[in-house]
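Chemist: Assemble the whole structure, with the sequences as input and the hints as a guide.
Protein chains in written order, with full-length UniProt numbering: chain A, 1 to 352; chain B, 1 to 352.
Read the hints as simulated data drawn from the structure, not as lab findings.
Wrong hints could be hidden among the right ones.
It does not matter which identical chain is meant; a pair holds if it fits inside one copy or across any two.
[Unchecked claim] Straight-line alpha carbon distances no greater than 27 Å define the calculated DSSO-like cross-link-like pairs of lysine-lysine that follow:
| hint | residue 1 | residue 2 |
| --- | --- | --- |
| 1 | K333 | K27 |
| 2 | K174 | K252 |
| 3 | K281 | K19 |
| 4 | K225 | K27 |
| 5 | K27 | K197 |
| 6 | K311 | K300 |
| 7 | K337 | K27 |
| 8 | K225 | K16 |
| 9 | K225 | K197 |
| 10 | K337 | K190 |
| 11 | K300 | K252 |
| 12 | K225 | K57 |
| 13 | K229 | K27 |
| 14 | K91 | K225 |
| 15 | K27 | K223 |
| 16 | K190 | K27 |
| 17 | K337 | K57 |
| 18 | K333 | K193 |
| 19 | K300 | K16 |
Number of protein chains: 2
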Amino acid sequence: MKTIQAVSYPVHFQDKAYKELSSLITKNGYSTIFILVDENTFEHCYPKFIPNLDSEKRIEVIEIESGEINKNIETCIGVWNAITELGGDRKSLLITLGGGVITDLGGFVASCFKRGIDFVNIPTTLLSMVDASVGGKTGVDLGVLKNQIGLFSNPEMVIVDVDFLTTVTEREIKSGMAEIIKYGVTYDIKLFKEIKKNKGLHINDLIFRSIEIKNEVVLQDPKEKNLRKILNFGHTIGHAIESFYLESEDKKNLTHGEAIAIGMVCESYISNKLLNFPETKLNEIKEVVLSIYDRINLLKEDFAGIMELLKHDKKNVNGQVNFVLLNDYENHKLDCKVTEDLIVDSMEFYNF
Amino acid sequence: MKTIQAVSYPVHFQDKAYKELSSLITKNGYSTIFILVDENTFEHCYPKFIPNLDSEKRIEVIEIESGEINKNIETCIGVWNAITELGGDRKSLLITLGGGVITDLGGFVASCFKRGIDFVNIPTTLLSMVDASVGGKTGVDLGVLKNQIGLFSNPEMVIVDVDFLTTVTEREIKSGMAEIIKYGVTYDIKLFKEIKKNKGLHINDLIFRSIEIKNEVVLQDPKEKNLRKILNFGHTIGHAIESFYLESEDKKNLTHGEAIAIGMVCESYISNKLLNFPETKLNEIKEVVLSIYDRINLLKEDFAGIMELLKHDKKNVNGQVNFVLLNDYENHKLDCKVTEDLIVDSMEFYNF
Chain A
1 MKTIQAVSYP
11 VHFQDKAYKE
21 LSSLITKNGY
31 STIFILVDEN
41 TFEHCYPKFI
51 PNLDSEKRIE
61 VIEIESGEIN
71 KNIETCIGVW
81 NAITELGGDR
91 KSLLITLGGG
101 VITDLGGFVA
111 SCFKRGIDFV
121 NIPTTLLSMV
131 DASVGGKTGV
141 DLGVLKNQIG
151 LFSNPEMVIV
161 DVDFLTTVTE
171 REIKSGMAEI
181 IKYGVTYDIK
191 LFKEIKKNKG
201 LHINDLIFRS
211 IEIKNEVVLQ
221 DPKEKNLRKI
231 LNFGHTIGHA
241 IESFYLESED
251 KKNLTHGEAI
261 AIGMVCESYI
271 SNKLLNFPET
281 KLNEIKEVVL
291 SIYDRINLLK
301 EDFAGIMELL
311 KHDKKNVNGQ
321 VNFVLLNDYE
331 NHKLDCKVTE
341 DLIVDSMEFY
351 NF
Chain B
1 MKTIQAVSYP
11 VHFQDKAYKE
21 LSSLITKNGY
31 STIFILVDEN
41 TFEHCYPKFI
51 PNLDSEKRIE
61 VIEIESGEIN
71 KNIETCIGVW
81 NAITELGGDR
91 KSLLITLGGG
101 VITDLGGFVA
111 SCFKRGIDFV
121 NIPTTLLSMV
131 DASVGGKTGV
141 DLGVLKNQIG
151 LFSNPEMVIV
161 DVDFLTTVTE
171 REIKSGMAEI
181 IKYGVTYDIK
191 LFKEIKKNKG
201 LHINDLIFRS
211 IEIKNEVVLQ
221 DPKEKNLRKI
231 LNFGHTIGHA
241 IESFYLESED
251 KKNLTHGEAI
261 AIGMVCESYI
271 SNKLLNFPET
281 KLNEIKEVVL
291 SIYDRINLLK
301 EDFAGIMELL
311 KHDKKNVNGQ
321 VNFVLLNDYE
331 NHKLDCKVTE
341 DLIVDSMEFY
351 NF
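Modeler: Here it is as structure tokens:
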């Protein structure tokens, strides 16, 4: 696959990517290469990656515990101390090898260490390939508030190697599919139709087109002042549901994609009510979502708790929850205010 | 005094500054204004500042404990939580009111909160006015390692109001003088000669010229690849001595300026040995330093501990300590390697 050129760095695919990585390392004369992994990617991805790393430089592996729960500043302090103890300096390179937690946290760690060292992202899940690989968002959670602490900061390059997808579960693959559906309904309806009619579509093509779309959006609006907000479609309600399930001890966690899929159904419903988003299309989105993901039963008694979390959404200003909604496929409206009643209705619509 | 235009923001002086701040607040429509202080600046500077803040916006004060020892990530987490609990959003403004700890830490806190909110620096010590006000360096310490975690990030504006200097001690004023001496010997020898011949020179002029010089240097080399390294003159040995005294329980702490002044004498001595920096000028620097600061007796038994800290200097690459040295006044050489023996000799030269 061809390279995609992002704002200030390239996204390389497959074998070509590793040649480019070696060139980068040679060109920039790094002193040490740090590789950030979790226990899963160290076991399953690191052995696939390391034969491709053609370099004589000193290599040090830093492992953190997997899971969103560890995506916090305390973990960052641990990594900063590890890099320091291992003699990291301003000419060090950090390679992140993992899902969104590793790439988001690793990018933040690198960007703040001695006011910034270079980093390269190697996403190993479908979600991190199509979402976290482009766009320059890095960060960690503050308590239950997702990505509350972070930066816009770009890697030197991103490497997308679909072979890593053999290391993850079917459920994790589905988690990434929700973002691809989002790119489809907000930006390129052909992509959505492909998913609807043909579940066997080659994953490589879905990934490539998704990264292309995200890159086009981010190039036009890197700091999320306007167009980039469409990438939040489904995420306002979706994030709140995800956090609520994460906090609730008696519920099993939802993946990011499972929560965002519900969020897209809800926000399509709100779009129908407020902006006349066509009902046939609303039903089409719900149908595709329910063909991929098991239906979750959102309990009435949980609505208040989900609403409370919505009020902490990063996009809020002056206490107002801001939604991006759809007038139609590929046609959005930013900064829509929505009443609590309508949000509750939308969750009931998802339920039935 | 005229406004100085830095890379992407202005440095305003005195009364004009407060008018500009009010305009900024009106123009950008901030939701809330957070003011970061320590217990000293809350008592002495906040009452001077607040009558000048002409705004109807909600104002929230966040206080942290004073002192370099609190310039760490744990303090940042406390401030991030406070901003969150007080309803801070992406349209919040953070005003830092204090010395270098407040401005460095506050700039970092703002730059990472929800991927960056606006901040305005109001330095209240001579050191932070002439050093921290321009240049975009923000950050905190990691253990004893100074500014190990941080970013280059620019405020919306800097306000320099010399009236705040009435709130600080003579010793703190002297701490700032070391940076002005540094600007003199590395960049504008007239400034150094003024300090030498006339201790009564108007402080306003010294501050204005110092900020002008720092700004000229930073504009030419914002990321410290070349020229900006001259601002580290005296700081390589100076920082190590400062950290060593901070760590040693049986010694009283040195101010930043007291340590940097010693560092400048030592590094001038090394310049004389390695680059033939003229001996008369070396003696002139030592004489001016000793006319301002009490002589500290550096103990032979402490040299090894100071040397150990030198090895963690942020500027090091591949374990090599990098010095910026002087060929002559206003004439420097970057990236000089220096042996341990010569560093020891230089500390002995300072002692006698």
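Chemist: All hints, please: hold or fail.
Modeler: Going down the list of hints, with the structure as the test:
no.: 1; hint: K333 <-> K27; in the structure: between (45 Å within a copy, 25 Å between copies)
no.: 2; hint: K174 <-> K252; in the structure: within (17 Å within a copy, 61 Å between copies)
no.: 3; hint: K281 <-> K19; in the structure: neither (44 Å within a copy, 53 Å between copies)
no.: 4; hint: K225 <-> K27; in the structure: between (35 Å within a copy, 17 Å between copies)
no.: 5; hint: K27 <-> K197; in the structure: neither (46 Å within a copy, 50 Å between copies)
no.: 6; hint: K311 <-> K300; in the structure: within (18 Å within a copy, 61 Å between copies)
no.: 7; hint: K337 <-> K27; in the structure: between (50 Å within a copy, 23 Å between copies)
no.: 8; hint: K225 <-> K16; in the structure: neither (34 Å within a copy, 31 Å between copies)
no.: 9; hint: K225 <-> K197; in the structure: neither (34 Å within a copy, 54 Å between copies)
no.: 10; hint: K337 <-> K190; in the structure: neither (29 Å within a copy, 61 Å between copies)
no.: 11; hint: K300 <-> K252; in the structure: within (17 Å within a copy, 63 Å between copies)
no.: 12; hint: K225 <-> K57; in the structure: between (41 Å within a copy, 23 Å between copies)
no.: 13; hint: K229 <-> K27; in the structure: between (36 Å within a copy, 23 Å between copies)
no.: 14; hint: K91 <-> K225; in the structure: between (33 Å within a copy, 12 Å between copies)
no.: 15; hint: K27 <-> K223; in the structure: between (30 Å within a copy, 19 Å between copies)
no.: 16; hint: K190 <-> K27; in the structure: neither (40 Å within a copy, 42 Å between copies)
no.: 17; hint: K337 <-> K57; in the structure: between (53 Å within a copy, 23 Å between copies)
no.: 18; hint: K333 <-> K193; in the structure: within (22 Å within a copy, 63 Å between copies)
no.: 19; hint: K300 <-> K16; in the structure: neither (51 Å within a copy, 57 Å between copies)
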